[in-house]
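> Below are the chains, spelled out letter by letter.
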Amino acid sequence: MTQTELLEKAETWFADQGWKSFPFQRKTWKAFLQGKHGLLNAPTGSGKTYALWIPIVLQYIKDNPEYKTKHQKGLKAIWITPLRALSVEIQQAAQRFADELETGLTVGIRTGDTPQKERAKQKRSMPDLLVTTPESLMLLLASKGYKKMFKSLTAVVVDEWHELLGSKRGVQMELGLSRLKTISPELRIWGISATIGNLEQAQDVLLGMAPAFRENSVLIRAKRKRKIKVQSIIPKTMEKFPWRGHLGLHLLDEIIPIIKKSKTTLVFTNTRGQAEIWFQKILNRYPEFAGEIAMHHGSIAKDTRLWVEQAIRNETLKAVVATSSLDLGVDFSPVETIIQIGGPKGIAKFLQRAGRSNHRPGEASVIYFLPTHALELVEASALKRAVKEEVMEDRIPYLLSFDVLIQYLVTLAVSEGFKPSKIFPEIQNTFCFQGITEDQWQWCLNFITLGSQSLQSYDEYKRVEVSSEGIFKVESRKIAMMHRLSIGTIVSDSMLLVKYVSGGFIGTIEEYFIGKMKPGDTFVFAGRTLELVRLRNMVAQVRRSKKKSSKIVSFMGGRMTLSSQMSAILREELQSGGEYKRNTPELKALHELFHRQEQESIVPAENEFLIETFKTREGYHALFYPFEGRFVHEAMSSLLAYRISLLQPITFSLAYNDYGFELLSDKPLDIQQVIDNNLFTTDYLFDDLQKSLNSTELARRKFRDIAVISGMVFQGYPNKMAKTKHLQSSSQLLFDVFRDYEPDNLLYQQAFRETFEHQLEKGRLRMALERIATQEIVWKQCEKYTPFSFPIITDRLREKLSSEKLKDRIKRMTLQGEK
Amino acid sequence: MQQISIHNNEFLFHPTGTAYWKDQDMLLVADVHLGKVSHFRKHGSAIPAHVAYQNLEKLTDVVNELSPKTVCFLGDLFHSELNQEWHDFTKWVEYTAATIILVAGNHDIIAPDKYLALGIQVVPSLDIEGFSLTHHPIEQENFFNIAGHIHPGVRLQGLARQSVKLPCFFKSEKQLILPAFGTFTGKYILKPTETDEVYALVEGEVLLLR
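Residue numbers (the working numbering), protein chains in the order written: chain A, 1 to 819; chain B, 820 to 1029.
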């Protein structure tokens, strides 16, 4: 069949559905059939699945003219999706086309949710299209006979590539593809990405360094612009509006009319804990919503999540409180309205959420923004401008992630074993490892075989063994099993399953939360009040409770930072044209707050850098306001604290938010000294920063993930934790051990590098410091806390830095005893 | 170093977390957890191998310094089955002049006859002159209990949201719990009451808190 005939087949099918293909779809079909690789830039709900699935089927038809009668066995394509929740949708869409063209092609799903029986069946006979996650793909590479399995592969499609790109899952994907490029000769690689600032780079990362792939590729952009209207929910009186907080419950009543007047509303929160609380509070205050609202987040059982997704499609729900678990993919046409609670911190994320609502053609999508504290209104104002000016953030790819490489090498060693001479060129051709040196490669090989860089006598280290033919292979079944259980790059706290005593799975929660509870205690999870009956083998057995409980399940982490693009706009908004020329509704509403700020201190103008000091019961506060986003403040605060600590023995507690940071001490701090000594200088920046990182927790926290991903810390067998507890060591202890004994360890150094590159986003700190150097420093000695300082000084998540002797410090401290 | 008196017996609390019982010329050592590093390595976790020597080096130093007649381990001497570290340990035993006693703990799964072959006595507990030495802390009528197992630590708090956690000797009316000796171990935070005494290990010193 000629290409024209093939394309006609697709067009006919489209016409039969009453649809018309988009130019970007036709472009993609052609490019694919010409054997090209590429990246498709298309938003959710635009028909991107058909843009790539159709040519895969057409290629099959072309290769097998008798396709209607003779089904050619074997895996043809892999569809990678970052979220399991999306797989069903893709499967249905793909199967529909395959069936209606009578191809006999099958579409299967393989994710962490897929039952063992189904997985075994797939191993015997693969479906033609496999919808899966990066982790599950890795698991396939960890199984025997994978080369044969992937031999007939014609395409890998990486959906939502922008989501994977800026994470280690992206690196995992790069490595997986590097292998497939060799073993699947017919392979075409395609990515699908929403709009980000660095689309070209996204394409390069996906395809790798090999010219054969790069040069034979295209970037296709779907030209569909959506109008988006941002509507802030501004309280009628600002007096009751809190100066801090992250829940926003005081505005709960304001969203009820919004929910009531639309068919279905998605209420997005930033964290799972926040979703739990909002869901509960809406029901408490408006019991009439019972049965009409639901909750959706990553820790809720899959059945429940699927039920919620189906209910959205069936229009049986008025509202769903959700986290990023509903950000992507799935197309929910009945959704009319989106409410975002709290600052989304990034423009891309905000737009993605806005795009979840299905709007009438020609009309703008409306997204309501509910600020959780007063200053967040500035963010709303900034967001509006960002949307208008089409500012987009970059997703920064990871470089030289040795932890992921080590995991990958062990994966290959678990399945068929590998020869370094074959694998090394593949690795060098990935974007992530384009700069890897021979020495670093040898280091990684030594790490997995010797557990160190020199052979030690009597050592019993065992992970990967080298056969006499030079094949690197895992021989121990136990190590192989432990490795398969550990594949993945998302590190979370130990998770416990929550189940009814009578059976029935409700979801997963973090060990740290349930660890604080005793049997008989009640808590609220997944919208239900539950009583803990017992903890057994990593399962929290519960029963329903009628008691009222105020303990709502909380989850760790999840704090996000403002992107640099957002913070620049935010700064401008705040300082735009002087104090009283603020003209957006958000800034007008903040009039009172600005007034208070100016009474106690100032609202800094564009050329001013504000420092405030004051004393409270807690100690001596010094606040700095660069307005550069949380991560830069994190770095800048430890840098500054470190430099001050060189001048005098002192101990600081550090706090930061997106607007500024605080150095809190039990001694007064002389800001004049900071100014006179030019402590904001960019001289010796990285040197000082490295030293300051040594004394804070930043790098240590990064190391935690690295230790888990590289397999130094085993997270345990599911449901069998107790038995293997002795194999779990704390990454904290490991970090200290490396610092003291092996500071040149590549994984230990990676922790620092990642802190620099990803936490600080490549020199953002330097740019911020350079900007401060051009500003006039205004030091205000205040009587008491100011509106700007309030959210920071009340933050409990803190770093510490000290140049004092521990002995001297504890003299001023009190022992924490039984009350 | 801190010298304290318990029921007219003199004890020295050493910065290594060991206690020297003067009247018995005995060094008490809790929770060394030897073998832990090798155990991890054997299961594919690449902890630097030389960390394993740390514990024995520290042990050698403190024994040389105090040269006690007896060294009594209060349990969890060995973390796991026989491995390379056992081999190193046997060398240490040969080198050490003191008599060695092991009060067995929950992690001590190496067969007692292996210890016996090295001339080490293994006992479930040891009662000496009104003192009972055990691994798990116990209460026993008319005895002052010295134990390990807990890996005790305390938390201190100060102005400006400062807080630190320190390993410690934890003494209550009828009991003394020793800090864990092993380098590659964690600690468990206790909250002392008014009558408890806490001796914290701080940068090479032992300090009485409160």
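It cannot be assumed that every hint is accurate.
To be verified - Derived DSS-like pairs (lysine-lysine); straight-line CA-CA distance at most 30 angstroms:
(1) Lys-462(A) / Lys-877(B)
(2) Lys-1006(B) / Lys-811(A)
(3) Lys-811(A) / Lys-877(B)
(4) Lys-993(B) / Lys-807(A)
Since the hints were made in silico from the structure, they are not lab data.
> Hint check: Lys-462(A) vs Lys-877(B), CA-CA at most 30 angstroms. Holds or violated?
holds (27 angstroms)
> Quick one, are Lys-811(A) and Lys-877(B) close enough, alpha carbons at most 30 angstroms?
holds (28 angstroms)
> Taking 30 angstroms as the top limit, are the C-alpha atoms of Lys-1006(B) and Lys-811(A) close enough?
This hinted pair holds, its Cα atoms lying about 22 angstroms apart.
> For the pair supplied as a hint, Lys-993(B) and Lys-807(A), confirm whether the alpha-carbon distance does not exceed 30 angstroms.
OK: Lys-993(B) and Lys-807(A) at ~28 angstroms, within 30 angstroms.
No hint from the list above goes unmet by this structure.
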